[in-house]
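Could you put the whole structure together from the sequences, leaning on the hints where they help?
There are 2 protein chains.
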Amino acid sequence: MAKVSDKYLCVDPWKIIEEGFHPERSEVSESLFSLANEHQGVRGFFDEGYSGTSLTGVYLNGIFEERFTEGMAYKGISNRLAFMVNTVNWLYTRIEVDGETLDLARSKFSALRRELDFRSGELRREFIWETKSGKKLKLVFQRLLSMETKELACQQIRITPLNFSGKVTLTLGLDFSIPHRMFDQNLWNCVRKDDSAILCVSRNIGHRLFAGMKVYAEAKQTPLEAEKFIGARLEVDAVEGHGSVVGKSVVLHTDRDKDQALDLAWTRGMTLLQTYTIKYDEVLESNRLYWSDFWAKSDITIDGDADTQQGIRFCIFQMQQTYRGVIEGANIGAKGLSGEAYNGNAFWDTETYCLPFYLFSNPAAAKALIDYRYKTLPQAVARAKDLDCEGACFPIATIDGTESCTLWQHASLQFQPTTAVAYGIWHYVNVTGDTAFLRAEGSELLVQICRFLASRGQWSANGRFGYYAVMGPDEFQMMVNNNAYTNYMAKRTFEFVLKVLSLLSQREPHRGASQRAEGEGEIVSDIELKKWQHMAEKMFIPYDAETKLYEQHEGFFNLPHIDVNAIPVEDFPLYHHWSYDRIYRNDMIKQPDVLMFLFLYNGSFSMDEKRANYDYYEPRCIHESSLSPSVHSILAAELGRHQEAFDFFRFATRIDLDNYNRNTHEGIHTTSIAAAWMNIVYGFGGMRSDGDVLSFSPSIPEQWNGYSFQVTYHGSLIRVEVSQSKAVFRVLGGEPVCVKVCGKLMEVNREGISVEI
Amino acid sequence: MAKVSDKYLCVDPWKIIEEGFHPERSEVSESLFSLANEHQGVRGFFDEGYSGTSLTGVYLNGIFEERFTEGMAYKGISNRLAFMVNTVNWLYTRIEVDGETLDLARSKFSALRRELDFRSGELRREFIWETKSGKKLKLVFQRLLSMETKELACQQIRITPLNFSGKVTLTLGLDFSIPHRMFDQNLWNCVRKDDSAILCVSRNIGHRLFAGMKVYAEAKQTPLEAEKFIGARLEVDAVEGHGSVVGKSVVLHTDRDKDQALDLAWTRGMTLLQTYTIKYDEVLESNRLYWSDFWAKSDITIDGDADTQQGIRFCIFQMQQTYRGVIEGANIGAKGLSGEAYNGNAFWDTETYCLPFYLFSNPAAAKALIDYRYKTLPQAVARAKDLDCEGACFPIATIDGTESCTLWQHASLQFQPTTAVAYGIWHYVNVTGDTAFLRAEGSELLVQICRFLASRGQWSANGRFGYYAVMGPDEFQMMVNNNAYTNYMAKRTFEFVLKVLSLLSQREPHRGASQRAEGEGEIVSDIELKKWQHMAEKMFIPYDAETKLYEQHEGFFNLPHIDVNAIPVEDFPLYHHWSYDRIYRNDMIKQPDVLMFLFLYNGSFSMDEKRANYDYYEPRCIHESSLSPSVHSILAAELGRHQEAFDFFRFATRIDLDNYNRNTHEGIHTTSIAAAWMNIVYGFGGMRSDGDVLSFSPSIPEQWNGYSFQVTYHGSLIRVEVSQSKAVFRVLGGEPVCVKVCGKLMEVNREGISVEI
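Protein chains in written order, with this note's numbering: chain A, 1 to 757; chain B, 1001 to 1757.
Please note: incorrect hints may appear among the correct ones.
Claimed, not checked - The following label-pair restraints were derived from C-beta to C-beta distances: (1) LEU639/A <-> ALA1566/B: 44 to 54 Å; (2) ASP615/A <-> THR1547/B: 30 to 40 Å; (3) GLU1070/B <-> ALA382/A: 20 to 30 Å; (4) LYS548/A <-> PRO1573/B: 44 to 54 Å.
As the list claims (entries may be wrong) - Calculated lysine-lysine pairs in the DSS-like style (CA-CA distance at most 30 Å, straight line): (5) LYS1367/B <-> LYS1258/B; (6) LYS1590/B <-> LYS385/A; (7) LYS385/A <-> LYS530/A; (8) LYS1279/B <-> LYS75/A; (9) LYS220/A <-> LYS167/A; (10) LYS530/A <-> LYS499/A; (11) LYS75/A <-> LYS1075/B; (12) LYS1108/B <-> LYS1138/B; (13) LYS385/A <-> LYS1003/B; (14) LYS297/A <-> LYS385/A; (15) LYS297/A <-> LYS15/A; (16) LYS1279/B <-> LYS1015/B; (17) LYS1279/B <-> LYS1138/B; (18) LYS1385/B <-> LYS3/A; (19) LYS1015/B <-> LYS1297/B; (20) LYS1590/B <-> LYS1538/B; (21) LYS1075/B <-> LYS1258/B; (22) LYS3/A <-> LYS1075/B; (23) LYS1003/B <-> LYS75/A; (24) LYS1590/B <-> LYS1075/B; (25) LYS726/A <-> LYS744/A.
These are calculated hints, taken from the structure and not from any lab test.
Ideal Cβ positions, reconstructed from N, Cα and C, are used throughout, including at glycine.
And the structure:
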C-alpha cells in the first residue's frame, strides 16, 4: 500500500486537538471537527465567516434535492441524482471591532487551538485576535448538537478584551443563502420569516425546513433580515479582562414530509423553539451524560498505542454521531453528515460494514437499518422492473430508496446491495434470534430478493446458473461473467430463503410471507421453490480445487498481470491519472471481492482456502476503496499475519485523522470507520457471528500492552480484555451467556473467565 | 429477421415517385427525396413551408458545431460532440392568394405527385391548390443542386391559375433562422447582409457560410429582411391557363475555414454569385450530362425485378450524391447529408463498407477518403495519448478527425476504426497498386497504427497477446476480452506493415517512413519490428479446430443462449424496449463480427470455415445494424444459399425505400446503401479483391432474368452481364485486363468472354 499519513493533529485519548492554524488543511479540519446527532450535522467551519477555503456545510438526514442528468437515455438507466442538500448556516456570526471584521484569512491572530471532545460532543475553539487598531481580544467559540433533543443546536461565544474596554459589534443569524457546493447553487426558497425564525422550502423536492433561534446576550439586539436570512445585530460593551458571553439556541425542524402544510411546519417549529431553547451549559451537561453512558457500553481501549487509541475512539464517536436509529427512515451516507461527496447516499456498506457495530451495541438501531430496506421495498420492486427483472433490486446508491447512481455501469451491473440486504437479515436474525421479524417483513423482503436473483441470473450454454454482465464489489473489473462474489452470495441467499420458508411452513404456511411479498396474494409456488433450489445447486462458483483459489470471475486468471507495487505513487488515485478503460483490463483489483465473501461467510471456508486466496488476491489489491484495509486486516489476523494485520488496522483506524486518502476535506469516511470497529472486534478479537453461537479467538499486536472492547449480545454486555498473555471475558450487565472461545464453548458471567492466548 | 417493409412509393426503374400525399410519412419522404452534391445537401421538405411534421434540413459537408456534454469526467472520455449543423433554408418560399397562405397541412389540394429522377437529380413536385375563395392553381416546384458547380442550387416554381386571372403573392428568401433539430436551437449569427446575400457565422466553432441569391420573375420585387433572413416579395399577375415562372439561383459558399476574414468570405461569395447564377434549365441540362456519364460507368441493371432495380439505382444515386471526392477534407456521414441522426459523423463504415464502391468506380475519390485519415493523423495521435497509448487511434465517430462519440464504452473500447484504416490502405494499394502512396503517407499511417495496436494490446498470464476490455463490431458484446475480430485484424495489420516496411527497405530505408511518422525523426527500430512480429505470432485468435468455429470472444460459447426468433416483434428495436444491460449478456449479436473478418479477408478462409461460422453466427444475429444484411447476403451467395442471399439483398437494397428499420425519417442509411452495391458485386457477382488479381464467381437469384454491373479496374471499365446460364465479361473502355473467373485466370478485352455458370 502506497498510502502515506498526513498527520497534523495532537494525539489525545479522548479528543482531537489542533494547535495553531493549518489553513492548507482548512477543509480537512472542517470534516474532522464536524458534529452530528443523526438528525443534523455541521462541518467544523468558522462561525465568524472565513474568506479562505471553506465548505460551510450544514446537512439534515433525509433532506435532499434531486437533479436529472443528461446522458444515455436507455431503459433501466437512472438519470436522477438525489443529493443531501446543504441547508442553513445556523452558526452565522460576524464580529466587528473598530470597523474591522474578524476573518482568520485576513486578520492577525495567535494561539489558536481547537478541540473536539468525544465525551461531550463539544467543539471548542479559542484564539487571540489583534485588530489593526491594536486591540487584543481573546475569543472562545463553543458549539454543540444536543444528543437528547435532536432538533436542538447551541452556539456560545465568549469575548474577553485583553487591552481595552469598548464596543464589539456582533451579528448572529440563520443563513439559508449558502450554496450547495457540488452544483454551486442555492436550493432554498424562503416562504415565511419573522425576527426569530425562518421557514424555507427546497426548490425541486419541496422539503420544508424550519430554523428558529433564541439569541442570548447582555446587549441591545436589532433585528436584521435579507432574502433568505434573519439575524440580530448586537452591540456588546466589553470590559477589559472580563468575558462577555453571547450565543444562541437553535431549532432545526423538519417532518421530512414535502406535503406538510406550511402553516403546520411553522407552528411545530415555533412550539419546539419555545420548548427547547435552554442554555448552553445545560445542553453540555446533558450531552456529557449521554456520551458517558454510551462509552460505558461501547468503548474500545488500547493500551500502549496512543495513536490508534485516539483513532478508534474517533471512529466510534463519529459512527454514533451519524446514526443511532433515532430518525425514522434514515440510513448511513458514505460521508455521514460531514460533507457532500457521494451526495449523502447510502450504499451496500450499510449491511456489510456498518450493521455489525449496531448489532453488537444497539440492536434496535440495527433493526431500523433493515426496516429502512423494508420501507423502500416498493422502490426496489420498481427498480427491478426497470431492469426487466422480477422481485426487488436494491439501489447501489440512495437516499430515499430510489436508485441514485447515474453511472449506469454501477447502477445496472452491481447487485451486492441486493444480496447484502439478504445477508443483513440473515446476520441480524442469526445474532438476535428475532424470528418475528423474519416471519413478517423479513420473509417478504427475502422472497422479493430471490425473485430478482432468479430473474437476473441466466443459464449458460453448458448448464450452469450464474450472473452475466455484472460488476462485483471490486469495481476495477467492470463487466464480467460469473463473478464469484455475486454468484456465491446469490447461492447463499437462495439457500437461506429456502430454509426460512421451509421452517416457517412448519408453523404457519409460508404463503403468509409470500402473500405479503406480492401484496396481492400471489404465493411462492412449489415450482418457484424448486426453481430456486435448482439455481442454488447449479450456481457456478469458479473454483480450482487444486490451488483452492476462487477465481474472481470467469477468465480472471488469464488476465494480463500487473505488478501493483510498480505503479508510480503519483499515478494514484488511478481514476484521476489513468485513462478510464485502462483500469479495467488487468488482474489488479480495487478492493476485496473473493476475500469479501470469505470474510462475510467466514465459517464456511477452511484456513487453507483463506490462506491461498489471501496470498493470491492481497498482492493484486491497491486498496483504492477505503473499505478495503479492514477486511484485509481481519483476515490477516486470522491467518496469523500479525504485522500485516496491524499495518492495515492503523490505516483503517486513522484514515481520516491522518488523511491517508487525501480526500478527508470532502467529509469523513463514515462507513469505512465502521469497518475500523470490526477491525478490532472481528480482527484482533477474532469474533465471529456467522455461526450458531458467537465465538472469539483473540490475538494481540505485539506493539500493544492490551486492549479491550465490549459487545452487547442477547441482552448482555460482554467485556473482553486482552493482554499479551491472556484474554478475559466478563459479563458487565445482563444474564450469563454462552460463547465459544478459541473453539471451546464456555459460559461467561459477571465473574469472568480467563483464557491464555 | 423480423423486418417488415413499409412500401408506399411507386416502382420505376429510374425514379422514386410518390403519388398522393402521405403526411404520416412526411419526414420519411423528406429523407428519400433529399438532394445532395457532396458540398451541400437538402432534405425534400416543402419550399412553401409546412406546419405539419417536417425537418427543414440543409447541411453542408464539413460545416459543424460542437457541444460539450455533461457526464463522466474521467481521463480518455470524450465529452465533445461534433455535429453537422443545420444551416440555411435557401428554398424559403411563401405563396399567398386572397390572403390565404399555402400550407399542405391546412390547404385544400389534389393530384399531388412528386418524383426524383436519378438521371438528372431533379426533384419535381406538382399539385392543384384550391383556395378558400374557390380559386384553383396548378403548382409545380422543381429543385436542383448543380453537380458541376458545387456551390450552386436552383429552385423553380411554375404557377398556373386554372379558373381565374389575378394576383399571386410570393416571398422567396434565404432563412438562417431554422433550428438544429437535435438540440432545438439555432446556431448562427448573422454578420453581414444586403438584398441579395447574407453571411452568417456558426455560434461556437465560427464556421463562415455565405448564402446569396438571384431571384428571377416577371414581377415587381420588394426586398425584405429579418434578423437572420433576407428575401424578396413578388406580386405576380397570373393569367388563367398560363404558367408564370419564378425562381432563384442560390450560391452557398464556405471555405470551411473558421479563421477566414469575414470580408474575404463575403467577397468570394459575391463573386461566385455573380459568376454562377445561370438559369434553371441550363443547370438541369448540365446535370443530365453529368448523370448520363456517371450511369454509363456505374449502372447496375436487374432484369425481371423492378423492385430491386429501383432499389439498387437509388442506392448508387445516393452514394454519388453524398460523396465523390470533390470536397477537400470530406468524409461520408452515416446519414450522408440527409438528416441529423448520427450527427453527420463518419464511422469505420467508410473503409469497410463505402471504400469498395469508390475503389471500383472512382479511385481518386477512394484515395481522398484515405487522405482524410492522413490529414487527421495528428488528432488520432492525440487520441491515443488520451487513452494512455502510443501511435494513432482513429475515432469511432468524427467529423473533423477528433473523437466525437460521447458514449465512452464505444469511443474507448472499439478499435475497428483503427484497423479499418490499415485495411483500407491495404485494400486501396492491392487494387490500385499505388505504391507511391504506400511509401509516403501510407507507411506513416501504418507505423502509427501499429504503435497504437502494440501499446493497447496486452500479454495474458498464459503468454498470449490480445486485446482486453474491447468491443468488437458487434455492439451487443460490450466489454470483452480477445474479441476474434479485433485480434485478427490487428494480427493482419502487423503482418501487412512488417511486409510493407521490409519491401520499402529494399528500395529505400524504411526510416523515411518512420521519420515522417514521428515528425522528429524517430525511426522504427529493429526492436520495435521484432516486438510487432512477436505480437503478430502470439496473437490469440479463439478458434476450435474441430468445429472450425472462431469464438467471437473468449467465453462467448459459454454465454446464455437466446432464441432470437422467439423475441416478440414489438421488442424491436431492442435499445428502445429492453433494459440497457439486458442486451449485453447472451449469445445474441447485433451484426457480423466473426463473419465480418471472414468477409474482409475472404480468401484467407476455407469454404468449410465459412459454412461452419455462417451456420453458427447467422441464427444468433438480429441485424439491428443496417450494415448487417449485405455481409450476410454476400457470404450466403458464396455458400450457395441463394434464397437467403436474395432475401438479405432485397432488405439491404430497399432499406430506405421501404423503411425497413422505421427510422428513414432521420435520414437515409448512406453507408449501408454502399453495402448494397457490394451486395451485387461481391455477392451475386462473386467479385473478390483481396487476392493478387481480381476474381469473380457469378451466381444469379432464380427470381431474375439477368443482371449487370461495371467496375473500373486498373484503368479499364469492365462490364459483367449475368443471365441464368452464363456470365459475359467485356472491357468497355481501356486496355484488356487479366481477372480470375470461377477460379480461372482470363484476359478480358473488348470482345468479351462468356462463361457458363
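Discussion item. Given the hint of 20 to 30 Å, is the C-beta distance from GLU1070/B to ALA382/A inside that range or not?
Written reply: Given about 25 Å between the Cβ atoms, the range holds.
Discussion item. Given the hinted pair LYS1075/B and LYS1258/B, is their Cα-Cα distance within 30 Å?
Written reply: This hinted pair holds, its Cα atoms lying about 28 Å apart.
Worksheet item: Taken at face value, is the distance from the CA of LYS1003/B to the CA of LYS385/A at most 30 Å?
Response: The given pair, whose Cα atoms are some 28 Å apart, holds under the 30 Å limit.
Worksheet item: LYS1590/B and LYS1075/B: Cα distance at most 30 Å?
Response: 29 Å, holds
Worksheet item: Taken at face value, is the distance from the CA of LYS1015/B to the CA of LYS1279/B at most 30 Å?
Response: 24 Å, holds
Worksheet item: Quick one, are LYS726/A and LYS744/A close enough, alpha carbons at most 30 Å?
Response: Cα-Cα ~15 Å, so holds.
Discussion item. Taking the Cβ atom of ASP615/A and the Cβ atom of THR1547/B, is their distance within the range 30 to 40 Å?
Written reply: 39 Å, holds
Fill in: Given hint LYS75/A paired with LYS1003/B - CA-CA distance at most 30 Å
Distance of about 22 Å is within 30 Å: holds.
Worksheet item: Given the hinted pair LYS385/A and LYS530/A, is their alpha-carbon gap at most 30 Å?
Response: 23 Å, holds
Discussion item. Check the hint pairing LYS220/A with LYS167/A against an upper bound of 30 Å on the C-alpha distance.
Written reply: 12 Å, holds
Worksheet item: Does the alpha-carbon distance linking LYS297/A and LYS15/A stay inside the 30 Å limit?
Response: Satisfied, since the Cα-Cα distance of roughly 19 Å is no more than 30 Å.
Discussion item. Hint check: LYS1590/B vs LYS1538/B, CA-CA at most 30 Å. Holds or violated?
Written reply: 29 Å, holds
Of the numbered hints given earlier, the model fails hints 8 and 14; all others are met.
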